[in-house]
Structure formats: C-alpha cells, structure tokens
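Put chains B, C, D and E with the ligands on the given structure of chain A with help from the hints.
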Amino acid sequence: MIRALRGRLSAFSGWAVPVVLLLVWEALGWAGVLPARILPPPSRVLLAAWKLLESGQLVNDMAVSARRALLGFALGGGLGFVLGVVNGLSSTLSRLLDSTLQMIRNIPHLALIPLVILWFGIGEQGKLFLVAEGVLFPVYVNTYHGIRNVDSGLLEMGQVYGLSRWEVFRDIVLPGALPSILVGVRYALGVMWLTLIVAETIAASSGIGYITMQAREFMQTDVLVMGILLYAALGKLADTVARLLERQMLRWHPAYQKA
Amino acid sequence: MIRALRGRLSAFSGWAVPVVLLLVWEALGWAGVLPARILPPPSRVLLAAWKLLESGQLVNDMAVSARRALLGFALGGGLGFVLGVVNGLSSTLSRLLDSTLQMIRNIPHLALIPLVILWFGIGEQGKLFLVAEGVLFPVYVNTYHGIRNVDSGLLEMGQVYGLSRWEVFRDIVLPGALPSILVGVRYALGVMWLTLIVAETIAASSGIGYITMQAREFMQTDVLVMGILLYAALGKLADTVARLLERQMLRWHPAYQKA
Amino acid sequence: MSTVDYGAWIRVQGLRKRFGRNEVLKGLDLEVEPGQFVAIVGRSGCGKSTLLRLLSGLEAPDEGWIEINGRPLSGRNPAARVMFQDARLLPWKRVLDNVALGRRDAPLEEARAMLRHVGLAGRERDWPAQLSGGQKQRVALARALLSHPAMLLLDEPLGALDALTRIEMQGLVESLWWRGRFTAIMVTHDVEEAVALADRVVLLEHGRVALDEWVDLDRPRKRGDQRFGAIKERLLSRVMQGGAVDQPAGSEDSLPVEKVAVSLGSS
Amino acid sequence: MSTVDYGAWIRVQGLRKRFGRNEVLKGLDLEVEPGQFVAIVGRSGCGKSTLLRLLSGLEAPDEGWIEINGRPLSGRNPAARVMFQDARLLPWKRVLDNVALGRRDAPLEEARAMLRHVGLAGRERDWPAQLSGGQKQRVALARALLSHPAMLLLDEPLGALDALTRIEMQGLVESLWWRGRFTAIMVTHDVEEAVALADRVVLLEHGRVALDEWVDLDRPRKRGDQRFGAIKERLLSRVMQGGAVDQPAGSEDSLPVEKVAVSLGSS
Amino acid sequence: GESALSSDSGSSGGGKVVRIGYQKGSSSLLVLKSQGTLEKDLKQLGYTLQWTEFQAGPPLLEALGAGSIDFGTTGAPPPIFAQAAGADLVYVAATKPSPKTQAILVPKTSDIKSVADLKGKKVAVQKGSSAHALLVQALEKAGLKYSDIQPVYLAPSDAKAAFEGGSVDAWSIWDPYYAMEVAETGARVIADGESAGLANRSFYLASRKFATEHKDAVDAILKALEGAEGWSEAHRDEVAKLVSSQTGVDEAVQREVEHRRVYGIIPVSDDIVREQQELADLFYSLGLIPKKINVRDAVLPEYQH
Ligand SMILES: Nc1ncnc2c1ncn2[C@@H]1O[C@H](COP(=O)(O)OP(=O)(O)OP(=O)(O)O)[C@@H](O)[C@H]1O
Ligand SMILES: Nc1ncnc2c1ncn2[C@@H]1O[C@H](COP(=O)(O)OP(=O)(O)OP(=O)(O)O)[C@@H](O)[C@H]1O
Ligand SMILES: [Mg+2]
Ligand SMILES: [Mg+2]
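Protein chains in written order, with our numbering: chain A, 1 to 259; chain B, 1 to 259; chain C, 1 to 267; chain D, 1 to 267; chain E, 1 to 305.
Just chain A, same shape as in the assembly (with noise of 0.2 Å):
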C-alpha cells in the first residue's frame, strides 16, 4: 500500500518543483510582488494561451516550429553523429576538423545571420540551417566523446573475432558510446527548440520563436510568459524522450534502470 503511495509519489516528484514555484509565482502575482506588466501571474498566461489556441494560431505556430525543430535536429543531429563518428574512429581526421568544428560552433548564431541570409536567402533554408547547427554540436562533442572512451579490450575483443568494421562499429563502438551520445542528444533536444528563437527572427511570420519575440517587441508579456512556459515545457517534454529512449536504449546497464 504505502509502497504503492510512494511510487505514486514519484513518478510525480519531477513535477513537484515545478508546480510549486507556479503556485508561488500565482502567489506573489496576487499579492502585487511581482508587478503583472512585467511578469504576469500564470492564470493570466493561461488565458493568453487559450485565446492563441482558440485562434488556432498556437496550434499553428507549434506545427511550424517543430517541423523546422524537427528538421534541422535530423539534419544537424544526423551530420553531427557521423562528425562524433568519423572523429572518434581517426585520429587523423579528428586533428583535421575537431579545432574547426569547434571553432564553428563558437560562432553565436545572431552574429551568423546576415550571412545565413546572404547564403541561404530569408526562405526555411536559412533557418533550418541554424538550428542544424546548433544541434550538431552537442551531438557531436558527446558522439566524439563516447567513442574515444570505449572499452578498448571490448574492440580488441571484436577484432580478435574477425568482425567486419561495420560490425565492430554495430555491436562494439555504437552500444559502448551509446550512454554518451543519448547525453548529446538529451541536450540537442533542447538547443533545437531553443535555436528557434534566433531563427524565426529571419523574415518569418509564425512559429513559436517568432510569437515569443514578436511579444517581446510588442510587450506583451503574458504571451512572452507563455512563449517561456511553452519553452519550458518543450523542454520537459524533451527530457522525457531522451530518458524513455535512454531507458529502452539502455536496458542492459545498471545505472540506467533505477527509477
């Protein structure tokens, strides 16, 4: 019974803090602490997402950012696997991009715009593009990382027992760095919803990067509230992927089975 409680219990502790610092925040907004034109209180932030929503332009705006979220994350999330991959498994090639590719990746993405427009025009490509790149590099770091710290008796292992490259890579390399790369892509998930809102401010007219900003410029701070809600969310819901797909991933390993 109390055990039953108490994995009740759990499985909602993750939302524990969350929920009340939104109580508190409700509180304090209440109470005139926090003046409502600058941080309004979440029950005005609901009504504001329920009037985007009954618009249907919430809906809307969320169809168009997470295809571009999507898009790029399996552009620059795929080509950074195979960035982490070749790196990892040459040590000559890893001298010959890892300094450039880390020196791409310190390039701020507002710095990067007027020449995304010059390259890719003010249509989708250019914003694809930056959150490709943004994505990459998590990816890429953390795929690099896990490969380079492979059980090297395991790969050993695999070529005293005459598997092909392909196989040592499938059931050596892959599996052994795997715990790595879910890291990169845990965090890649997130940058990907957060890259947006430098991208949608390339000549774009929906999206929720483009909603958050444009209340931004236009004050409205109960839809900029929510557009960081929204974000949070997304986030949440990031999380929660990358740890079913750690957990289904990672079925054989210890320390990813507990709770």
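Hints were generated in silico from the structure; no laboratory data involved.
For glycine and all other residues, C-beta sits at the position ideal for the given N, C-alpha and C.
Heads up, a few of these hints could be off.
In silico lysine-lysine, DSSO-like type, Cα no more than 27 Å apart, as pairs [as the list claims (entries may be wrong)]: (1) E:LYS291 x B:LYS51; (2) E:LYS40 x E:LYS292; (3) A:LYS51 x E:LYS33; (4) E:LYS141 x E:LYS40; (5) A:LYS51 x E:LYS24; (6) E:LYS16 x E:LYS43; (7) E:LYS223 x E:LYS100; (8) E:LYS145 x E:LYS113; (9) E:LYS223 x E:LYS16; (10) B:LYS51 x E:LYS292; (11) E:LYS292 x E:LYS141; (12) E:LYS292 x E:LYS209; (13) A:LYS51 x E:LYS291; (14) E:LYS209 x E:LYS119.
Looking from chain B toward chain A, a few residues come up when the C-beta cut is under 8 Å (computed) [as the list claims (entries may be wrong)]: (15) TYR187; (16) GLN248; (17) MET249.
Just chains B, C, D and E with the ligands now, with coordinates in the frame of chain A:
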C-alpha cells in the same frame, strides 16, 4: 627526419582547415564572388581589427568580456558541477530537480532578458547571470551523466574499504566522472563566450558581444565578421584549454594520451 | 586504525537470497568464531560471491539474518574488507596509492612494504593498466591485507597466480592472519589451498552448507604430510561428486561432440 | 565458416617486446606445428599474455618476427581467435548473443548448444552483469570455442572455475580440439591441466622458452596413470624452482612478518 | 545582382516578382496587404507580389541589401547605417513627419520635470534609433551636452523592464511603446519630437537595381500606398484595430498612436535629403557610423518629384 617533420606537420594540422578556409575566402573576395559588403575578405577584416586595436577599444572590450565570461563561468560552472554531483549521487534529489533544471535550461536567453533586468537591473549582475545560466547546463548535464556512469564495482570497493563519503567522492566518483565532466567544461567554455552576445545587449557599452551586435545593427560588416572570427578564435582557445586539462587530468587514461 | 586484536564473530541464520526467480541461497546457516579462518568451496555459480556480498552488507538478504559480534547487520558492515573476484583497482591511481587506499592513515612505507611482499617492488608508480592479470590480483591482495580489518573476505584471491607465486602468497596470507588474528573467509577453488590455510572448509551446495570440515592440523602445515593428504582427498572426492548448480555439460546435447573420457583423481 | 580442417602453423623467431624499460620478451623462439596443442606456463608477469597478444597481432614486436602458415604476420592475425584473461563480454548483449558473436553466420542453435556444453543452459537471455565470475568465464570460453578458428589462443581459460566444472570444461576443450584440429595455445597455471590437455608444455622464463616438454601420452589421458603423474611431477618441480620475474616475497622485508614455513610437494 | 545565391529578383524576365518587406508596425503596408489591391495593380504590370514580415528595420534592410527583398519601409536611421555599410539601396519616398510619435518619458512619481533635470541621470534609449536622435536634440535644446547624462542603451522591451524596475530615470522612446507606457503606468512626457524639433519620418526604400529597372512597379506601389495613407487618415480607428490585431498591442493604445500620427507620402525632396543628412552627420558625430556619408548618393532624381 621524416618522422620529426610529420610530428611538426601534425602539430599544425589542427590549423590546416581554418587556414585553407581563410585563403579561399580571401581569394573569392578578390575575385568578386563574395560581395565585400556582406562578407568582406579577411584582409579587410584584419584592417578593421587593427583600427580597433590601435584605438585600444578592442583590448578594452576583450578585457571586459573576459571578466564577464570567466566570472560567469566560475559561478555557473560551479553551480552546475554541484547540481550534477548532488543529482548524480542522490536519486531522490535528481527526481526532484533534474526535470526542473531541464525546463529552465530550455528558456531562451533573449526571452529572459526583461525578467533579468527586472531582477538584476542593468548592471553587471544580469550579464553574469545569463552567462552563468548558459554555462550551468553543459556542466550539469555532463557531470550528472559522468557520475551516474561511474563503475559501480569501484564504488562498492570504496565502501567496503571504509572510505568516508568525501573520500569516495574524491577518489572514485570524481576521477571516474572526470572525462565526462571535461566534455561539459569544453562545451561550457564555448557557451561562456556565446552567451555574451545576448548578455551584452543589456545596457552594455563594451565587450565583444556588444561590438558584434552593434556592428550588426549598424551594418558594419567588417567589424561583424571580425567579431565572428574573434568568437571562433576564442572557441579554439577554449578548446585548447580543455584539451590541456584533459591531457593533464586524465594521464591515467589510455584514450587521452595519444597524439 | 591499528591491527585489530581480535576478529569478528559472525552468525548467519536462515539466509535466503533471490535474483529474480533464481534462488541462490536457500536458508543458509553458518557460525564463525572470532579469528577463525574459513575456506568456502563450491561449484561455479553456487552463491559464494553472493554470500560474501551479504556478509559485507553490499547486498541485503531476502530472508534470514546476519549477526556480527552479536549485533544484527543492517546496511554496510564496517568491520569487513573485501577482496573482490575482480581486482577493482582504481585506474586513475598509481599502484602504490591503490594499495594504500584502505589505509589513508598508515605511513606509505607500510604500503610499500606490502607491495614488496606480493612481489611487486619497483612497480609503485605504474598505472594499473600496465600490470598483468596476476599482478593486478596481487595489488588487490596487498590492499586487502594492508587494511587490517576485523573480518577479511577474500573472493578467489589467488586464482590468477602461477603455482609458485600462489604458494608464496598463501604463506603471506597465513602469516598475516596468524599475527592479526582477524576472522578470514576465503572463497577458493583449490581444495589444497583450502586445507593448507583454513581452520574449516565449508562446501556450499544447493544454497546451503553441505559440508563443514574442520581441518585439525597444526600450523605450519606440511603439504607432504599424510593427514594433510587424507583430508584433502576426502574433501576433493566430496567436491567432485558435485551437486549440479547449472546444467551439467552433458553428452546428450545436440552438438555431436566426440566426448573424450576424462577420468579424475590424483596420484 | 565451417570447421577448419587443419590448424595454423606458427613460427616465432627472436621475438622481443619492451614496455618502457621493462623488456618482457627477450628473443623468444617457438615453432608450433599445425593442429598442435601447446600449453604455456610461467610465473605471473613473465609475458604469457604478451606473447598471445603478439601472436594475435594485437601488439607489434619490437624485434624478431612471427610467421603464420609461412607468411610473416603484420597487422592483425585473421586466423586467430583469443580468449582473453578477462572475459570481455559485451555488457549490452545477452549471453546468447555474446556467444554467437564470433559466428554471425552460424545458426543460433549452435550457440545455444555451446552454452549448454559450458553448463549455462537457461541463461541465454541474461545480461552478462547477472552472471557469476565463473559463469562469465564460461561464456567467454563458449564464444571462443564456437568461433572455430585455425588458431585458438586461450589465456587462463579455466582459472575461475571450481575443480569439477574445470575438469568438465577441460574435457570439452579437448574434445572440440580433437575434432577441429585447430592449433591451440593455452596459458595455464595448472600444471596438471597442462599435462592433461597439451601435446607440449612450454615454460616461459626470463623472456625466453626455458623448457619445452613434449607430453607423449595417449589420449584420452588418465590422471591416475603413473606416467601422467611422473611428467606432472617433473614439470611441477621445474616450475617450482622458478626464476623470479618480479621481486620475490622475501623474509628480509621491513614488515616483520612472522613467516610460516610452507612446504610443497604432493602426496 | 551580387547575390547569386539568393533567389532571383524581378529582373529575370518571365514571371516577374516584387518582394516587399514589411513590419507589423508599418501600418500603411499592413493596410495595403489586408486590402489586397496592390496584388491586382502589379499583376497588370506583369508582377506577382510576395510579402515578407520583418521584426525591425535593420534586419529588413539586411535582407534588402542581400537581395532577398526588393522594397521595404523603415524609420529614418536604418538606411543611414545601411548606406554607411555600402548597401546599394535608394530612398524612393518619404512619409510626412510625425514628430509627436516619440517622446522622452519619466515615471509618474519622478522628480524630473524637464529635460534640463536629466543632468547626470540614466536615460534608456535604443542606440542609433530615431529616439536616440530625439534625445540628443532635446538635450541640445535644453542646453545640455550628451555627456551630461548617462545613456543606457537598451532595446525597447528591455528598456521597459529597466524603466519600470527603476534602473533608469528616463526613457526616450517611440510609439507604440510610448503610448503603452503612458497608458499603463501614467509615465510623464518631458519632451517630444515637436518640442525638440525633430521631424521623425519613415522612408520607403528599394534596391537601386530594382528602383531603376522596375520603376513601373515602384511607382505602382507608391501610388497604392498613397491611396492607403489617404484611406488610413480617414479611418484611423480601423487602422488601429488592424494593427492591434496583428501586434497584440491594446487597441485603445494603438488608437492613440494612430490619432497623433501624420499620414501622407511625399517625394524625397531636397529638404528631406538635407534633414536626413543632418541625422547622418549626427550619427557620425556620435561614432555610430565609421565614415561620413552623402545621403544624396542614395536618392535617384527620378523619384524626387
Ligand atoms: N601495456 C603495458 N604497459 C606496460 N607494461 C606492461 C603492459 N602490458 C604488460 N606489461 C608488463 O609486461 C609484463 C608481462 O605482462 P603479461 O601480461 O604478459 O604477463 P603474464 O605472463 O600474462 O602474467 P599473468 O600470469 O599475471 O597474467 C608484466 O610485467 C607487465 O607489467
Ligand atoms: N546481480 C545479479 N542478478 C541476477 N543474478 C545474479 C546476480 N548476481 C549473481 N547472480 C546469480 O546468482 C548465482 C550465484 O552467483 P555468485 O556470484 O554468488 O556465484 P559464485 O558462487 O561466486 O560463482 P563463481 O565461482 O562462478 O564466482 C549465479 O547463478 C548468478 O548468475
Ligand atoms: Mg564468485
Ligand atoms: Mg596474463
């Protein structure tokens, strides 16, 4: 002889790709393929940098930014490390906090700025806060992951050899998680500079983020591109630092001693 | 921590341990007097390591209880040190620091001497990755012996050693135990080793103590001795008669192995 | 890949291998005929594992050369399969898939049968982390035996097994070798095991072959047999006379161990 | 066309395209877009029309410079920066000045009564904006130097937080932020464009290539805009409603904005060029542009009448 030469070459190979890129770029600029107005050739960028250097402004900006970056890194990295440790060691706390952290991380800095100004005013604190917040997560995520993945056999060993909690942490958990933590640090060293581009839109009047964004605003493409290259160079610097740290701190680790 | 004057007193009753549907220990009873040296033998997978883990508190029993020095054990057993079946050296600490791990307070000289005892003088500054299998095991042994516990649990401590080194290490273990008078429980597959070192040899079978042979020989024991040989023979034949834990390698399998008869016994 | 008809022919000449200032192999010569079963014995740290790594091409010699079937070895040796001293199971593959690893092309039934042979029927779907030390070793053995190589290198394959299981596994190895006629090189610390299985027992000492004893007994060999006993005794006493590789555990150490005399020999 | 990489502009024969960039605040284009008449006008000339939204003037000109759009509108300062950066764009028309749509605000309870009281105070302003020019001009009129105050450079949304959080003492800002702040917090106006003598107008801009090669299209757009401005002048409340539906700014506030605005499109006369030149020189003196520019270079004679 040839070996020595090869050694020399390979020491430079990290620079090969960037240098080739710069040369191609310059050539394209002269050939008129790249419009100088949008992507001025490196030589013109150098000129811009030289002017700023001569006036002493660039040095000043770098100093101001470096101070913000390093302080923010110390704060955010420290907190991220502590949170990673705490959540890595206690599954109760990680259930409570991890989701919340993943949600907070997903809030775009740009959207946060009004709140930051409200909380911290327009002084240095707000900027430090943003850098710290940006740096926190890569360190947190990788520390958490590193600690969760420490060989449980070694932890058991530490326990049955009567090590205190602190000793277990210092001698087993920390060194075991170190490769992963250093990946986080490496990532964070990049983020540290990146965040400045947003942070230094808050009532700043110096700093490399500030000059870069100003340059964008006022369409001074040579300064903008200089900013971009500066960021890239700082990325390379961060990377070199991280590599040195790795090589120094992971002396026992075969994967980190080669090349 | 200085040398313990007297070893721990262990009482185990009705100990049960399950992993999923696999019940490994099925109501095991055992009492070990302070300072006694007990050898545990038994087939692979019969639960020897599990028993040591339970005694050290790394695992909690499903049923039954363990008493250390009269007090029921719950949580970790602070009196126990374990030498695990795998060496479990810290890869980021040099050999000497690995040995000294159990004894932060002791002068490093002691660790150095212990390393010399296990035949690894000169390897103090090596990383564990640079050692051979047997060398790793000896470092782990040195660490366990240096820790001077009231209760030392050794899980096949000498399995990776050649015959000569093994005998030297047996001598080392025995002499340190003799001086320290800690309670020692050692899992081994070598019946001769068990008889040479232990006061009692306990055979685990079907999750219970199937045999509890007291070795009533004076120390130092001589392997050439007749009574030594007799006890060893008796034990060996009992062990060899073996209760199957896992499925035995039968000849009724689908793979048509041309079975080569293997006869056993010793000269 | 079907069963190899005939094992690899190995020639090693003037093999040297250094780790830093530690020269492990100092000009080793060895020739192994196709299908021969060679046991290698030697003190801990004398370079047995290093020799196997060189033969499998995982390590390159500093000097000297290795010839496999008349062709000089450079890079990996595709004819060789190695059972390492540590089990090296893939933690993310279930037991059965670990066994099948060497033989992607073979029906899973064969792997299942091999698992049964090593006494682990019913554990197919377990993760390696759920196995005991000896069970892991047997999985690794099953994997090595299933791979049907021209040249099988076994590094203390049975070290973690109890006497009974060990004898069963010896029988298994011998019968499979007998059928497959691959060249087998096995490192072992058990001289009896060496005599029971091998055509030749090679003693490594000071980085060279110090003894190369041909065991001229018919198979199946009987351990009770007098000639078996004599060969074993001769080898054992030679091994026991031992050249020190590492510093021996001497009594002249600073730690005042009350040495307990250990005499050796067998009844 | 320097931008070989971006999609081709209207010049490339066949299906000619006009790409117009607009901001949600630029009400005339918004009106035009919602009325849908321009599409028809241009179709008669053989053009199809594409609308692209931008969040601010500078990125719009960024896109104009990169050849991603052909025509757009911004406030007075962005084209100065674009010209300084060498972008090949031209002024094709101006709006009549709306000096009352920007102001310097102080909080309701502030002690600051006049611009002269700003001495030593922190004043929030978007660097390089028309409000920046307003601030400089207002200070000058009050006999203060720019260095007598502490300028705090903030984007409008950030400045609002700083203003209301008490981090700054005054805020030089334009509509609709100006109207919003007054409506929401009762902020006081201590100077506006009229009192400071700053014209404050917007400009319509096109890439030089487009303006010369497709004058027919530009003329058609300008004509349509003229109509839209005329309609807007007569329907200020409806314009307010339209804009507020797009931006989310409170409709009452937007109505206020539309009512103090001045409508009407005029050619870029020499006076306007001079006025714009003064602004450029001011920015040069503030160090916002690295070199002096000549506004006239960006004006085509055929659009001056
Ligand atoms: N990678 C390495 N770096 C440095 N020294 C090494 C390395 N590998 C092995 N050695 C050293 O080489 C010697 C021989 O090692 P090897 O593993 O071959 O011994 P072994 O005969 O297999 O011993 P054991 O029976 O203990 O397994 C040892 O002294 C060991 O410390
Ligand atoms: N974590 C675990 N999960 C599931 N089963 C386990 C686990 N640990 C041990 N077992 C099972 O419990 C049984 C006993 O394991 P244990 O390690 O105690 O055997 P052992 O007697 O030490 O054998 P060996 O001589 O091979 O080391 C084995 O069948 C093993 O598979
Ligand atoms: Mg065991
Ligand atoms: Mg070895």
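**OP:** Go through the numbered hints given earlier and state which of them the structure violates, listing their numbers in rising order.
**Re:** Result: hints 2, 4, 13, 14, 16 and 17 break, sorted rising.
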